[in-house]
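Using the hints, build the complex out of the two chains.
Protein chains in written order, with the working numbering: chain A, 1 to 148; chain B, 1 to 360.
There are no misleading hints in this set.
Lysine-lysine pairs mimicking DSSO-like chemistry, simulated, CA-CA at most 27 Å apart:
no. : chain 1 : residue 1 : chain 2 : residue 2
1   : B       : Lys105    : A       : Lys140
2   : B       : Lys246    : A       : Lys60
3   : B       : Lys196    : B       : Lys135
4   : A       : Lys135    : B       : Lys105
5   : B       : Lys246    : A       : Lys108
Far from chain A by the CB rule (all over 10 Å, computed), these chain B residues:
no. : residue
6   : Asn61
7   : Glu108
8   : Ser169
9   : Glu180
10  : Glu194
11  : Met200
12  : Thr218
13  : Thr227
It should be emphasised that the hints constitute simulated quantities derived from the structure, not laboratory data.
Since this is a predicted model, take the numbers as computed values, not measurements.
Note that beta-carbon positions come from the ideal geometry of N, C-alpha and C, so glycine has one too.
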Amino acid sequence: MLFQNKYDLPDELYYQAEHTYARVEGDIVVIGASDYAAKLAGTIKLVTTYDIDEEIFQNKPFGKLSSGKWNGAMRSPISGVIVEINEEADDDPRLINQDPYGEGWIIKVRPSDLQNDLARLQKGGTPEFLKFMEKDFADKSAQGLIKD
Amino acid sequence: MTLNLIKAGALPFPDSQLSYHAMARLGIQGLLLHSTSDRFLCLGSANDPKDELDLEFCKANDINIFRRDIGGGTVLLAPGQLFYTIVLDRSHPLMPRGQYAIFRKFLEPVVEALSSLGVNAYIRPTSDIVVNGRKLGGNGGGEIGECVVVAGGILLELDIELLSKCIQSPNEQFRLALLEGMRNGVTTFSSLPEDKPTMMELEDTLAKSFQKLMGPMTEMKLQGAITERMAELAPHYLAQETMFRKGMKVNGRVVKIREGHHMIKRELPMILTNTTSITQLGVQFEWKDGRLTGVVFDSPELQKHSAPLNGLIMERIQITDACRKLLTGVKLMNKPSIDAEVELPLASAFADVFILGLET
Numbered sequence: 001m002l003f004q005n006k007y008d009l010p011d012e013l014y015y016q017a018e019h020t021y022a023r024v025e026g027d028i029v030v031i032g033a034s035d036y037a038a039k040l041a042g043t044i045k046l047v048t049t050y051d052i053d054e055e056i057f058q059n060k061p062f063g064k065l066s067s068g069k070w071n072g073a074m075r076s077p078i079s080g081v082i083v084e085i086n087e088e089a090d091d092d093p094r095l096i097n098q099d100p101y102g103e104g105w106i107i108k109v110r111p112s113d114l115q116n117d118l119a120r121l122q123k124g125g126t127p128e129f130l131k132f133m134e135k136d137f138a139d140k141s142a143q144g145l146i147k148d
Numbered sequence: 001m002t003l004n005l006i007k008a009g010a011l012p013f014p015d016s017q018l019s020y021h022a023m024a025r026l027g028i029q030g031l032l033l034h035s036t037s038d039r040f041l042c043l044g045s046a047n048d049p050k051d052e053l054d055l056e057f058c059k060a061n062d063i064n065i066f067r068r069d070i071g072g073g074t075v076l077l078a079p080g081q082l083f084y085t086i087v088l089d090r091s092h093p094l095m096p097r098g099q100y101a102i103f104r105k106f107l108e109p110v111v112e113a114l115s116s117l118g119v120n121a122y123i124r125p126t127s128d129i130v131v132n133g134r135k136l137g138g139n140g141g142g143e144i145g146e147c148v149v150v151a152g153g154i155l156l157e158l159d160i161e162l163l164s165k166c167i168q169s170p171n172e173q174f175r176l177a178l179l180e181g182m183r184n185g186v187t188t189f190s191s192l193p194e195d196k197p198t199m200m201e202l203e204d205t206l207a208k209s210f211q212k213l214m215g216p217m218t219e220m221k222l223q224g225a226i227t228e229r230m231a232e233l234a235p236h237y238l239a240q241e242t243m244f245r246k247g248m249k250v251n252g253r254v255v256k257i258r259e260g261h262h263m264i265k266r267e268l269p270m271i272l273t274n275t276t277s278i279t280q281l282g283v284q285f286e287w288k289d290g291r292l293t294g295v296v297f298d299s300p301e302l303q304k305h306s307a308p309l310n311g312l313i314m315e316r317i318q319i320t321d322a323c324r325k326l327l328t329g330v331k332l333m334n335k336p337s338i339d340a341e342v343e344l345p346l347a348s349a350f351a352d353v354f355i356l357g358l359e360t
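Chain B on its own, in the form it takes in the complex (with noise of 0.2 Å):
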């Protein structure tokens, strides 16, 4: 049975989201391909707005929050970004087990549509399209009722100012950090040198690539039973009670040592490790002056344990350079070969500790 391929369009607030989670539910399968009309933040499953969105900013903007039901962060949709979905029932031949097999899988061929278009991407794990070290596109993916389903966007342009303000910030300083950061590790098609293509050509290339995948598809309209599952499932997506349902929660202690020196004890969201267990490690970050001087691991687990740091960042100096980088906004640990299990627990703890230290 072939795929199918719907070319929404720009789709407006909710549409956008509303269609892919009806596709699942009605198990229609296949590739969705939209932009949107309207701009609207879109959190992840475990992201609480209450914790991740300065609420009164996007009130006063007027710009809507949308929680859906797969994983992946806090973005900014707006015109001038491609979205491709993937909605597939989870039985199906070509859906491999397990996050990271399905990201590598159906990541490809965005990867290749970009090559085409003369952009030389590659995918960072567990989910991200990066540009010269720099974030072209993010993605994240789950399961709704029998299907999986893989989404993610190709930035033409962000308003990475207008991101930065509807992120939560304790501080002015905190947000321009952010801002900083974004800038040097978001790109869009815009700021490249190559040829920026237009939305139907980028649509059209995606189409192609995933074709080549997932075999020929067979189009169809966004209409007739998922509108209609749309509507259905309107008021459950719009109602408060979902949007602020729990999520997870952020980690921390920040013990001021002395006037411009803090150590922060923070343990590791735990490291899964290469050989038999999961590890709760603790690491101490040493501040002054507002930077990053020196990481020190409580813990010799963390050598024993995690072969993929050894030689990569267990020297000191290479803690605090990755530190350093992240401070400036560069992505830790840029390397496609590190294992993604590894990475994305310890780069979450060091933005985490980034964030608290700029709380103090």
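Extracted from the complex, chain A is given alone in its bound form (with noise of 0.2 Å):
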């Protein structure tokens, strides 16, 4: 099975390696958990993010998310400030889940270096992402973790 047809992948937006995103809206930036890392996690129990008003960083922590067994990190897609927190999110994180890029996402952030961090990203829909993908899914399919 390709992994197009298992996960929603929206080709308007940008990907870091470990599967979180970055939506561009005006100057705010959304990132949540793609389809594919929600459904890797399993049923998500537990995200914790920093808090308001802290700097983050692309590619590094911003916050956990916790099946229960496993407290994993989610890493940034861009660097910037924390300017909201989903609440709902937070109250129930099983929307991460059920609705990653809608009532899923984690937190908004106002960019400090927009343009070079989206251009360390991989753009949804690109040759480069689906080789990309490809090659997780298949390398991931191959250790068991996702089946047909």
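Below you can see the structure in the form of structure tokens.
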């Protein structure tokens, strides 16, 4: 099975190598876990993030997702300052599984170096992104982490 | 570069936990083996002590609490248990991607060590070490700083009665059921027919087994930079706001249909399916005389999406049997072949319903 048929990875978003996404909305960037990341994580039971006004950096942690047994870091696609945290997802982390690009967004950030950061991310739908995802998907399938 | 091996001996509370948090934050990679000289409760990052524990009992009995930065459940750590902790940089070549692969890889040496001691253990996904269907050790993991940490323990002994009193119970009936469940579901070296190894024998066997996987290690002591960082970290981890920070929520609804018969409506926590989507599913549990008599899934989605469940518990009688076993403390679906990503949420849902059922 092709990963495109299993996961919703919108073309207009930018993706970090560990599957967080960035969506540019004016001068703010919405950050969340991609559908791929959310499904790999299993049922998300707790989400914790850095606080509002805290500075975060590209490819560095900005919070954690917990599935109970595992407490994994979420890495930011861009650098900037957190301006808003999704309280609803904080209250019901299942939103991240159910609607990662809608109600399940995680933080909003005022970027500090947006154009350079975006240039280092994978844009959805591009050949490079599809190739990257195909390899990641194949690797995880080989490990038995993804089944048809 | 060789990894480090730290045989720390019996560490007091809270050093037992601060040690690997400090190692990870310093990027000191390797294997930490230790026991503890104190008894205390250690909770996973998602577990709020207010929801999990009988805090008054813990306080009255001088049982300390630690909330670690990695996953896993609530455990009573005490003398008579040996703990192993792997700390590796997330980019280390030995480190696979994804929690399931990580647990699988780093629990194999534990199984191998137990095998060399004559104990036929296996891994029950995601992360239990099981002997004869009963849990001999549990594990949790996660990322601390730039390191991945996998931590677990082997029970040579465990005071199950004490643990049952530390866990928050709505009533004595619940606690006794919990106690019975734990007695049936957990085992220790002391209760196995095989000779119980000494702590040192077990430690040496584990060290050898892990070195087969991770290469020869250089022994180092728990001192210097690590103990300095432990001292720096202690105020944070012992602070009330760290201990009682928000944890995960448990959802569910119980509707009393008539005396002795309850319908429990609960959303399964979402099944990670093998096909195209995560699906929110409904399930109804029928109760009579305090026993589960039936389970009805609201949605055909379960059958459509969850192939591993087909033929395993989809038959009504099998579901009922699985619930009955759960009620008597036998872990649900004790079959190594089942897809862990399906088993865990479902088992968790049943467990939650079990709790809710007894509360009514």
